[in-house]
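There are 2 protein chains.
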Amino acid sequence: MQVDIKLKQNEKNYKVFINELDKISLSGKVAIITNAKIAGLHLNTLFSKIIADEVYVVTIPDGEEYKNLNTCEDILRQLFISKLDRTSTLIGFGGGVVTDMTGFVASIYERGIKFINIPTTLLAQVDASVGGKTGVNNSFGKNLIGTFYQPEAVYCQMDFLRTLPSREFNAGVAEVIKMAVMFDNDMFKWLQQADLKNESELSKLVQKSIQLKADVVSKDERERGLRAVLNYGHTFAHVIENQTQYKCYLHGEAVAIGMNMANSLALKLGLIDAKQRDMIKNLMHKFNLPTHYKIENVENFYNAFLLDKKSENDKIKFILPCAIGDNLIKSDVSKDDVLEILSEFK
Amino acid sequence: MQVDIKLKQNEKNYKVFINELDKISLSGKVAIITNAKIAGLHLNTLFSKIIADEVYVVTIPDGEEYKNLNTCEDILRQLFISKLDRTSTLIGFGGGVVTDMTGFVASIYERGIKFINIPTTLLAQVDASVGGKTGVNNSFGKNLIGTFYQPEAVYCQMDFLRTLPSREFNAGVAEVIKMAVMFDNDMFKWLQQADLKNESELSKLVQKSIQLKADVVSKDERERGLRAVLNYGHTFAHVIENQTQYKCYLHGEAVAIGMNMANSLALKLGLIDAKQRDMIKNLMHKFNLPTHYKIENVENFYNAFLLDKKSENDKIKFILPCAIGDNLIKSDVSKDDVLEILSEFK
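If you read the protein sequences in the order shown, they are chains A and B.
Note that the first sequence covers residues 0 to 345 in numbering that gives the first Met the number 0.
Note that the second sequence covers residues 0 to 345 in numbering that gives the first Met the number 0.
Incorrect hints may have been included.
No copy labels: a pair is met if it fits in one copy or bridges any two.
Said to hold, decoys possible - Under the rule of at most 30 Å between Cα atoms (straight-line distance), these lysine-lysine pairs were calculated in the DSSO-like manner:
hint, residue 1, residue 2
1, K316, K82
2, K316, K113
3, K267, K22
4, K293, K196
5, K293, K329
6, K246, K316
Honestly, the hints are just simulated from the structure, not real lab data.
Using the sequences provided together with the hints, build the complete structure.
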């Protein structure tokens with residue numbers, strides 16, 4: 000299966016290949032960026048697929064806490080030592096942390112070299128590896144430093160998902176639920192009864208999610224309007240991840256909680272009803288996703304929104320569901336309404 | 000005077016304004032990035048021109064040795080503390096170090112915000128601020144980390160050049176000589192008799208250089224072919240700067256030496272004659288530019304070329320003059336020929 004990613008603002012289109020990683024033939028030097036764990040599990044498989052003159056491997060520590068500029072500098076140093084040049088290609092081989100950093104490093108190494116993503120987690124397959132968002136976190140928040148930079152191709156293999164702990168797998172499903180709630184009621188219904196242990200249902204999930212995301216990204220590469228909808232749940236999730244220093248929740252888990260918070264707000268504003276909010280919550284529970292986070296101080300939580308990239312001129316932009324399968328962006332929600340909702344999570 | 004910068008690969012065009020900085024009216028937050036010295040000399044003047052709701056000033060230390068990722072992190076930290084968002088604008092106010100880093104920071108802050116360049120050195124006016132190359136140095140060489148990212152506008156004011164030490168002024172003239180030798184014999188002749196103390200001749204110089212560079216950049220934004228010609232002298236200069244740790248020569252001075260080395264190679268290959276080489280050397284001496292550097296070890300010097308961004312697949316690309324006003328890129332120069340030329344500088 001293939002999904003075409005077409006970008007209006009950019010001359011470069013590319014493909015996402017699903018279960019089609021046979022051989023990748025590359026000219027010039029190739030550097031695989033991966034983490035210690037994925038290297039041990041799957042590097043052998045990847046080596047058997049890559050045809051290139053010179054292949055280098057750069058490993059980084061496994062974990063969101065290493066998604067920062069220091070790690071990028073470590074990667075850059077190794078690439079310069081290996082004398083990669085403008086004809087070289089990076090391959091990001093791992094979860095979203097690896098693929099986001101590989102893209103970022105590719106975008107700034109000698110002002111931009113090629114990269115390919117081979118995501119090994121469900122989250123990275125359905126979300127992080129499509130759309131050209133690259134970046135790292137810093138002490139102020141998540142993905143606050145980065146670029147828009149497109150890969151040459153993305154390869155999603157179901158094989159690599161077999162070794163994924165179920166908690167990480169489910170965190171990936173959270174982003175799929177997000178797409179369904181925002182854009183596709185049929186997909187939401189399908190998810191309610193889907194059996195993702197079945198490999199063909201799993202590939203269908205990946206293909207369908209990527210297609211939905213591709214449609215959005217192709218219409219709005221630089222996140223001026225529509226693409227912001229993909230941040231449903233994320234405004235809240237970023238604060239939660241920051242407050243817990245990325246140590247308690249996987250990204251998808253924080254997004255699940257964030258969606259539930261957004262849904263409470265949508266309910267208050269009359270965009271969804273209680274039954275719809277509960278249906279979404281139940282679907283998240285089907286995949287063992289958390290939906291609650293104890294907010295210590297609602298004022299602090301509210302103020303933390305203001306540093307979010309999506310907050311322009313101190314206006315907080317909330318992305319909310321309208322029933323299931325449609326969405327609304329609201330920048331005029333009163334602070335009182337938000338504080339009231341946040342108080343439900345105290 | 001204005002020069003239009005038109006970019007084929009990019010939807011965004013912009014203008015360089017020469018002696019036309021009257022008022023700049025900006026919506027959203029504005030952060031001026033400058034260095035301690037320029038701030039003391041000219042920030043007052045700039046303040047009187049900027050109309051914006053909130054203006055922040057971030058100063059960095061003055062000097063090429065601070066053009067690195069650490070300084071960028073310092074800038075980023077201050078921008079996050081000031082809560083700049085995607086509607087904000089950075090203003091790079093200083094020499095090439097400041098404008099290159101401002102562009103780089105703008106390109107990675109929240110995946111890209113707007114920036115304006117107001118270069119205060121001749122070098123930055125004629126060279127660094129036009130073309131969308133942003134970046135920083137690292138221990139492996141100059142500008143090895145960066146992006147292609149275009150400003151909203153560039154303002155070149157002759158006023159700001161009055162406080163420039165003559166050594167720095169002349170270093171800027173080196174890049175103008177580069178443009179003339181590569182592209183424009185008439186301009187070369189004009190330079191031989193020009194009096195740059197005269198303000199109208201100086202603006203003509205700035206306008207003419209920017210126009211020549213704009214023509215090149217608009218044809219080749221991403222440096223696939225023609226734009227490489229702008230690196231005449233630079234392949235050698237980067238090695239010299241790196242070996243002397245950016246401490247002995249200003250960039251333009253290193254480029255002057257590099258051009259003279261390239262000319263020796265061009266002479267050996269029969270592309271120019273001895274008279275032309277000497278004419279170029281004499282023009283550089285008119286502006287007190289150095290043309291000699293003592294190479295300690297020619298093998299080491301040669302090997303250092305291989306890390307240059309312009310060296311692809313270990314082939315060294317030499318940019319050479321063909322008479323005066325034309326150029327040639329050669330990737331097939333034998334190592335022996337190069338070593339022989341380098342030996343002249345022992």
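We went through each hint and held it up to the structure:
no.	hint	in the structure
1	K316 <-> K82	between (44 Å within a copy, 16 Å between copies)
2	K316 <-> K113	between (34 Å within a copy, 21 Å between copies)
3	K267 <-> K22	neither (52 Å within a copy, 47 Å between copies)
4	K293 <-> K196	neither (32 Å within a copy, 69 Å between copies)
5	K293 <-> K329	within (25 Å within a copy, 65 Å between copies)
6	K246 <-> K316	within (26 Å within a copy, 49 Å between copies)
Checked against the numbered hints above, the structure breaks hints 3 and 4 and satisfies the rest.
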